[in-house]
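A.B. asks: As you go down the protein sequences, you meet chains A and B in turn.
Heads up, the first sequence is in this note's numbering, so the first residue is 1 and it goes up one at a time.
Heads up, the second sequence is in this note's numbering, so the first residue is 725 and it goes up one at a time.
By construction, these hints were calculated from the structure, which means they are not laboratory data.
Don't be surprised by glycine CBs; every beta carbon is placed ideally from N, CA and C.
Be aware that one or more of the hints could be misleading.
[Unchecked claim] Result set (DMTMM-like, lysine to aspartate or glutamate): computed pairs, CA atoms no more than 20 Å apart in a straight line:
1. A:Lys185 <-> B:Asp855
2. A:Lys515 <-> A:Glu497
3. B:Lys884 <-> A:Asp243
4. B:Lys884 <-> A:Glu247
5. A:Lys198 <-> A:Glu393
6. A:Lys641 <-> A:Glu621
7. A:Lys628 <-> A:Glu592
8. A:Lys67 <-> A:Glu393
9. A:Lys259 <-> A:Glu247
[What the hints assert, rightly or not] Calculated from the model, a selection of chain A residues having no Cβ within reach of chain B, i.e. all distances over 12 Å:
10. Thr242
11. Asp320
12. Lys330
13. Gln470
14. Arg492
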Amino acid sequence: MATYQEFIQQNEERDGVRFSWNLWPSSRLEATRLVVPVSCLFTPLKERPDLPPVQYEPIMCGRANCKAVLNPLCQVDFRAKIWACNFCFQRNPFPPSYAGISDVNQPAELMPQFSTIEYIVQRGPATPLIFLYVVDTCLEEEDLQALRESLQMSLSLLPPNALVGLITFGRMVQVHELSCEGIAKSYVFRGTKELSAKQIQEMLGLIKPAASGQQGRPVGPHDPSATCRFLQPVHRVDMNLTDLLGELQRDPWPVPQGKRSLRSTGVALSVAVGLLEGAFPNTGARVMLFTGGPPTQGPGMVVGDELKTPIRSWHDIQKDNARHLKKATKYYDALASRTAVNGHSIDIYACALDQTGLLEMKCLSNLTGSTFQRVFSKDYNGEFRMAFGGTLEVKEMGVGGTSQWKVCSLSPSTTLAMFFEVVNQHNAAIPQGGRGAVQFVTQYQHSNTQRRIRVTTVARNWADAQTQIQHIESSFDQEASAVLMARLGVFRAESEEGPDVLRWLDRQLIRLCQKFGQFNKDDPTSFRLSESLSLYPQFMFHLRRSPFLQVFNNSPDESSYYRHHFVRQDLTQSLIMVQPMLYSYSFHGPPEPVLLDSSSILPDRILLMDTFFQLVIFHGETIAQWRKAGYQEMAEYENFKQLLQAPLDDAQEILQTRFPMPRYVDTEHGGSQARFLLSKVNPSQTHNNSNGWTQEPGAPILTDDVSLQVFMDHLKKLAVSSST
Amino acid sequence: MNALKQKKKKERKQKKKKTVTSRDDVTEGHVSRKNKLSNQARGWNDPPQFSYSLQVAGSTRGPLAKKGPPTPAAGGPFCTKSQAPSRLELKGLCSLKGESDIQAESDLQAESDLQAESDLQAESDLQAESDLQSVSSVLAEALEACRQAISRQVCDDIAKRLRLLEDSWRSGKLSSPVKRRMNTLTLEMKSSHWDLADDIHRSLMVDHVTEVSQWMVAIKRLIAETRNLKPELLA
């Protein structure tokens, strides 16, 4: 229904929320029968340039186990200055500062257009942001030089009051003192020895060592003498740090023939986490790890130093042949938990995605294989887009429970998926008010060091599935549901075998089609899906082929990387990842989106494919020949030059703004890199079915993969069959 | 069923229909295929590097991937204020052209260009020296003004780095865009436009880090310190 599309869009724009179902089934049994669970994608810090934050604290419900925030769904008695919590029905008085409110003078948080509202709160002194660089020195000289310069450049992009620290590692781990005068000093740790947080803090002088049986006392969180040495304000140490970075050398330990560099990533991270734990617990901080290869020694090692032992592949993992996998994963999991508890986050910058041990380290927050500088991009207010130390609380009506998660680093596009369970008994009456409500409370530290709370309150109507199934069906958001099911699939893929996940996904799709399809039994040609579901099978088709569920052709680290980003991005980007966009440029008209199908590959066209992770510019056969012949250099073929330039310009727009920066591929018909395009398009024409006699448009793809048409045929057959 | 499916697919595609936006709003900065970092022999398919200004501007534009139809424009011809290096640009290399920082790939094989180059060379040497003088004098003044406010060691450090700057400039190690932007930076400092000066320093660090990293941090410090000084100390 057209109205639901508008409703869905408005809600997303205002609240950053997209539900799989916008009418909720009123019992648990009915909810399970819907196949796709009642769930939503939520972007806690969606950019809202039109929403200025308010400068006061939120008003909360007085009931101890409720504490919901005042919102537009609450009933208010303006005369008696009392409000009723819509989650627990407790009546709460307004504080004295609200004495002046009335029907015509309402506070912002009661107005429907402020279903999402942000409060600035200040509790205690403002704490600066903290950036701790952990740098691998086992790099090729070229890469090290590039890294040196990037880090030096970053000092100009950091806020002047932010604290910055430096740890370098190779075979040993060095924590550098950033004092302002004279000789550079550092504390060196062996890369092989696992140390506890307490030991690290003692050795760095953050704790006075225990004397005769007593507990070691911390030196004090803001004691300048201790913590100052390793984490200093940028404006004070930038010159020294610039020199220090400029003088960074490759790890001096020689690497014998046939061996890998000894890289003590595990201990380096442990020291970083321990340092921050001891010095700045519960403050927004980012550990930024820059690594050039896998950890090869000490706790958390992913592969040994013998080159003849290759790093684990998917094959090894499936055959349970990956020696270090379990231990290393456990090690980094533990580190991640400690980090999260303190509200810190770890970013990993790998100079090559492949084979750096990302699979084991994936629990540490953010993985990126690309530009460091983009991290410091600013928003419309000139403030950094990153946010620190977030906690998200979700409150649902009736249950009275609150669930809380720590999300230690947030960006405006970070999107979480929430899965809800309807707990009403079957045939029980619909709860009073006819609507269910959910409130999201996100507390975080803004990059300008303010502490903020963003509250989003949403509601949807309950519906009786027995009598209103068509209405529920029309409230289905197929895009959100596709992404939500995909995230469930990825979650499963981490613990189950690949084929099992695909079977599960297929099963859910068939059940959904059986429930909502209109058909005559055993007659596949009669199968119809309503508009609100019509694109869903296509999404599932592409999802099955995607690198999130297909690990073939990717290393374990690559798969981790793709999955990591998939479960964090907002809906639009996630859809691009599942079903890439394809644009066509030709002389026949303006650029236009075309089907992701082999029939779109034509000789006189340039295609731009956006898979989120890659941007592929593909020149058709004729275009490629013209380019080779150099027509674009001739004055009379200026329009050809412009045609060649157009996709480059559009790609540029995307490259500028997207984080992580996509891989950029420029290829042509017959080029080896055309495989990026050929593997993604629906192979409606293959060597199996292409008919040499008729002039079908498009190039046949050499594959045995099933095409969308075949997939749909099978789906219809299974859905209408009386035996499934 | 097929027709319906095709129609629905088309509708969905049309909802996400994108067209090439106008080129008019692209000012300076562009996709530079040359590497700004030192590892010259980068692998194939390394993405183009973006200049700082383009990144800052880019964040306010709606990228292709966002929803909603952008302003329709003819797909063919676009504004020829493009970044493609043209032979006409070469002659402008040596003269001050305000804020345009086109890293033109100079095609010095062309004879006529060579001639033009040598004619301008002498002129440009003089120009470069006087530019250096004006830049250095502003920076030296700022340093003097700050001497009371900051420690001696820091002052010496800054002075050392300013000398590095001068040496690099004189020995021709700095490229023209860097020199031009330094000129602008010091002009802004003189007029007390601290934010602008800061922005230029950042853009230089991002776009030309190899050339400037050793001494730019001193400029950054000078800007930060002088803007906090009492007005009477700034002559």
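A.B. asks: Hint by hint, say whether it matches the structure.
C.D. replies: Each hint tested on the structure:
1. Taking the CA atoms of Lys185 (chain A) and Asp855 (chain B), the gap is near 40 Å; set against the 20 Å cutoff, the hint is violated.
2. Between Lys515 (chain A) and Glu497 (chain A) the CA atoms are separated by roughly 27 Å; this puts the pair beyond 20 Å, and the hint is violated.
3. About 12 Å separates the Cα atoms of Lys884 (chain B) and Asp243 (chain A), which keeps this hinted pair within 20 Å; it holds.
4. For the suggested pair Lys884 (chain B) and Glu247 (chain A), the alpha carbons sit about 17 Å apart, so the restraint of at most 20 Å is met.
5. For the hint pairing Lys198 (chain A) with Glu393 (chain A), the CA-to-CA distance comes to about 31 Å; that exceeds 20 Å, so the pair is violated.
6. For the suggested pair Lys641 (chain A) and Glu621 (chain A), the alpha carbons sit about 16 Å apart, so the restraint of at most 20 Å is met.
7. Between Lys628 (chain A) and Glu592 (chain A) the CA atoms are separated by roughly 25 Å; this puts the pair beyond 20 Å, and the hint is violated.
8. Our distance criterion of 20 Å between C-alpha atoms is met by Lys67 (chain A) and Glu393 (chain A), whose separation comes to about 11 Å.
9. Of the supplied pair hints, the one linking Lys259 (chain A) and Glu247 (chain A) is violated, its CA atoms being roughly 26 Å apart against a limit of 20 Å.
10. Residue placement check: Thr242 (chain A) does not keep its beta carbon more than 12 Å from all beta carbons of chain B (closest about 5 Å).
11. Non-interface status of Asp320 (chain A) relative to chain B is upheld: no Cβ of that chain comes within 12 Å, the nearest being about 34 Å off.
12. No beta-carbon of chain B is positioned within 12 Å of the beta-carbon of Lys330 (chain A); the least distance is around 35 Å.
13. A cut-off of 12 Å between C-beta atoms confirms that Gln470 (chain A) is not in contact with chain B; the least separation is 19 Å.
14. Against the 12 Å criterion, Arg492 (chain A) stays outside the reach of chain B, whose nearest CB is about 28 Å from its own CB.
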